[in-house]
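A.B. asks: Protein chains in written order, with our numbering: chain A, 545 to 1014; chain B, 545 to 1014.
These are computed hints drawn from the structure, not numbers from a lab. Keep in mind that this is a model prediction, so the values were computed, not measured. There may be inaccurate statements among the hints.
Since the list gives no way to pick out one identical chain from another, each pair is judged satisfied if it fits inside one copy or across any two copies.
Below 30 Å or equal to it, Euclidean Cα-Cα: the simulated BS3-like pairs (lysine-lysine) are [claimed, not checked]: (1) K586 x K940; (2) K946 x K586; (3) K1004 x K843; (4) K558 x K946; (5) K929 x K586; (6) K843 x K709; (7) K843 x K725; (8) K940 x K593; (9) K603 x K940; (10) K940 x K596; (11) K593 x K769.
2 protein chains.
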Amino acid sequence: MRTPPSLLSLTIDKAVIHLSHISDLSHLPDHILLDLFLRTLKAGKLNEKVLKLFVATGKDEVLLLIRALNIKHILTPVLPTNFNLAWAIRLRTFERNTCCFWTPNKLLDLDIVLPICKMSQEYIKNSEVDIVIGALQADLSSFLNEWRSIISRFHLIIVQDPDLKEELNIPEGFDLNVYTKSDIDRIVGSFGSTFFSGYSCRYFGYLISRKKYIISIDDDCFPAKDNMGNSIDAVAQHITNLTTPATPFFFNTLYDPFREGADFVRGYPFSLRSGVTSAMSCGLWLNLADYDAPTQALKSQLRNSRYVDAVITVPARALMPISGINIAFDREAMGPTLFPALKLSREGNFRWETMEDIWSGMCAKAVCDHLGLGVKSGLPYVWRKERGSAIDSLRKEWEGVKLMEEVVPFFQSVRLPQTATTAEDCVVEIAKTVKEQLGRVDPVFSRAAEAMVEWVKLWKKIGSGSSPGI
Amino acid sequence: MRTPPSLLSLTIDKAVIHLSHISDLSHLPDHILLDLFLRTLKAGKLNEKVLKLFVATGKDEVLLLIRALNIKHILTPVLPTNFNLAWAIRLRTFERNTCCFWTPNKLLDLDIVLPICKMSQEYIKNSEVDIVIGALQADLSSFLNEWRSIISRFHLIIVQDPDLKEELNIPEGFDLNVYTKSDIDRIVGSFGSTFFSGYSCRYFGYLISRKKYIISIDDDCFPAKDNMGNSIDAVAQHITNLTTPATPFFFNTLYDPFREGADFVRGYPFSLRSGVTSAMSCGLWLNLADYDAPTQALKSQLRNSRYVDAVITVPARALMPISGINIAFDREAMGPTLFPALKLSREGNFRWETMEDIWSGMCAKAVCDHLGLGVKSGLPYVWRKERGSAIDSLRKEWEGVKLMEEVVPFFQSVRLPQTATTAEDCVVEIAKTVKEQLGRVDPVFSRAAEAMVEWVKLWKKIGSGSSPGI
């Protein structure tokens, strides 16, 4: 049998309903006042007048709770420059959940807030997203048809590998632009289309996009299914990852605290709970995972079947191998930070023969760490089909494996100057240090440093304008 | 229809079988030699003589592969001091998988090795583990009965909260020692049993254990089920976590590379693939998660139902909130690093009223980072039942939430001197710095620093000996 509510409890409930008629709460004992405040919040009855009433009591515990929940009087909000629909919705979502007042710029300024806001892609306009596909194979019909229900509402930028001579086979019903070698030559001119051969062709799409978000998936990947057999909307998940804050300065053991059903755990400092802007979302792979050629050659039967239902912010200063297979990023935040710079001498058209994304990813993580941006890893998965023979690649390409032994100590020690305040500055600074320190080790690094400087020039000329460069 | 094997392929297969009769391989073209080598490995035909045959060819690619796989001639192994059964088995497992030779001390020295070794608890003797339970409630019958099938083969140390006056109710059929207030007083003498009140009573168990591994689970937790409805053996998972290497210096996007079905991803440096000793395994919670009182009070319906099938090494220098609810550690590696030092003035008997584990965990992570040990988080989950009222606790305890705002910047900047080479040294150094820097902020930190120094003394006197201190 349920215990009947106490007289006190009923009185407090009654007080919540009639708060607007009460002019002074200061005579209430502390514990009743706190209870009244919590019930007011839960009942969605906190408005500006009621808040003033509680503040006027001057009671420590209530003031602390107000501060911890980042409840504020409405001010005319000074919107930050990157305030957008996502934040506006987050504001509303937050208000709906907590019925309290706050200024959105405080949320962005790392002030104290309980993360009740939940975001999903529906709040982002489809027109804010470009899906960039590098076409390494001519027949894209099965690829695009399998992705149709997920990507057809977005604009697609398809960049044909300049080395691929055949004409692309693209099914009807997509909003897309296709760029071929002649388009690349016409637009980048003297930079030459060799910059964009093989997997690097996608970077041409990154260069000419004018959208806030870019999502890019290799053309040998297909929509995956989760543990329940449901098809995964990788685009929606990437956008959720990018539009909810990241938490690089303290690890949350229950993974993404902004997901439905999760939160920050005990001990997580309140001042870090608002997080920072998510700049990159690195998705994963079921079936054929992104292993290197030696691993896959030695374990030829190895397939990834473990669906880990998590998104993690990779902590600041933790190094990681960012794969370009299934990736999304905030183009406005990342600027020219994703680039094709490190070319292996025997680079091929299979992922395990390339390092351009790993190198660019190491730079991107260093830039994000320096600028206080977040990088997430985990969901969404894509289903990666077989392509190529690891043993054949192993015969051909070993350089990448060896280079990482030099790359990692470099990035463990690299520090960017405080004067580097934009992604563009950071890339130029990294290029300079790479040339000085790694250039002595292997000429591939000098060439990478030069390509990074070239890339920033190209990006300034073509990529950074506000109107399409095409 | 399957393509029939080529004549070359058949020839290579034949050569694998007859390798022991071949005296020279140097005339073979590079690609055939490499193929032959890979097939020899896969067929388990690599022995010392055959290895010599391949090395004698002097071919770059084969030599590189031999190096990358850490294949070595058998030397009389110089065993490191912490070489134990786990490593011996890992050696055998590795050999079984790769049929090659290596010295175990090289694996510990971060030399190059492909992580083919898989470990599980069956290789650890049950006698190497103590399960430490702090009894905050007198009736342990349902707790122990629910855990019976998982923990009954291990030795249990049950420490009764000195503030708990009733006699414990413990069912039959366990190998255990119970310690009460009078035992604590007798053993720690002048240190006094107040050190060990409430949740801190478990630390008495950490002090007197002589086992290599300690596993500790709060007495309001029960075995959980995975997504398939199978009961989780939390002890087995903790031991697996502790006996497989950790990878704190580079983040592996496919989580624990040592798990069955997983590996290191492309771009992961080979020199870091052997990992480091795992010193701590921090498990998670289904149902009532380890949230703080404000979060749980505001989201009274919030329960954790997401089972994330992953174990992660928390990267070096990433700060984290280590919870003491469901934890395991290598006692030999951690020494006196887990201690009850930070006592809140209004600390209570509910987890959200305590900070002792969070504080000790911050210190432990700093020590592990300094000593090059790994901390893992994720599996296993336990099912945490309801206890206490978050709103009642919220009325009582706010100090912990406020302290974290001071604790985090401190640990972000703390650096231990190179002269601190043991866990013991590190704790003393941290205590010194806490006193100097945080002591000025709040006397609770000075008291914590003093308790840490006291704890190390106690640990030296009672805990660090090789025979039980009881």
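A.B. asks: Confirm or reject each hint.
C.D. replies: Each hint tested on the structure:
Proximity of K586 to K940 under the C-alpha cut-off of 30 Å is restricted to the inter-copy arrangement: shortest distance 20 Å between copies versus 64 Å within a copy. Taking the shortest alpha-carbon separations for K946 and K586, only the inter-copy value of 23 Å comes in at or below 30 Å, while the best intra-copy value is 58 Å. Within a single copy, K1004 and K843 get their C-alpha atoms no closer than 44 Å, and across copies no closer than 48 Å, so neither meets the 30 Å cut-off. Taking the closest pair of Cα atoms, K558 and K946 never come within 30 Å of each other, the shortest separation being 72 Å inside a single copy and 32 Å across copies.
Taking CA atoms no more than 30 Å apart as the test, K929 paired with K586 passes between copies only; the shortest distance there is 24 Å, against 49 Å inside one copy. In this assembly of identical chains, the alpha carbons of K843 and K709 never lie at most 30 Å apart, being 34 Å within a copy and 59 Å across copies at closest. Proximity of K843 to K725 under the C-alpha cut-off of 30 Å is found in neither arrangement, the shortest distances being 37 Å within a copy and 56 Å between copies. Taking identical chains as interchangeable, the C-alpha atoms of K940 and K593 lie at most 30 Å apart only when they sit on different chains, with a minimum of 27 Å there against 72 Å within one chain.
Taking the closest pair of Cα atoms, K603 and K940 come within 30 Å of each other only across two copies (14 Å); inside a single copy the shortest separation is 72 Å, beyond that limit. With identical chains, the CA atoms of K940 and K596 are at most 30 Å apart between copies only, with a shortest distance of 24 Å across copies and 72 Å within one. For the identical chains of this complex, K593 and K769 are neighbours neither inside a copy (50 Å) nor across copies (48 Å), given an alpha-carbon limit of 30 Å.
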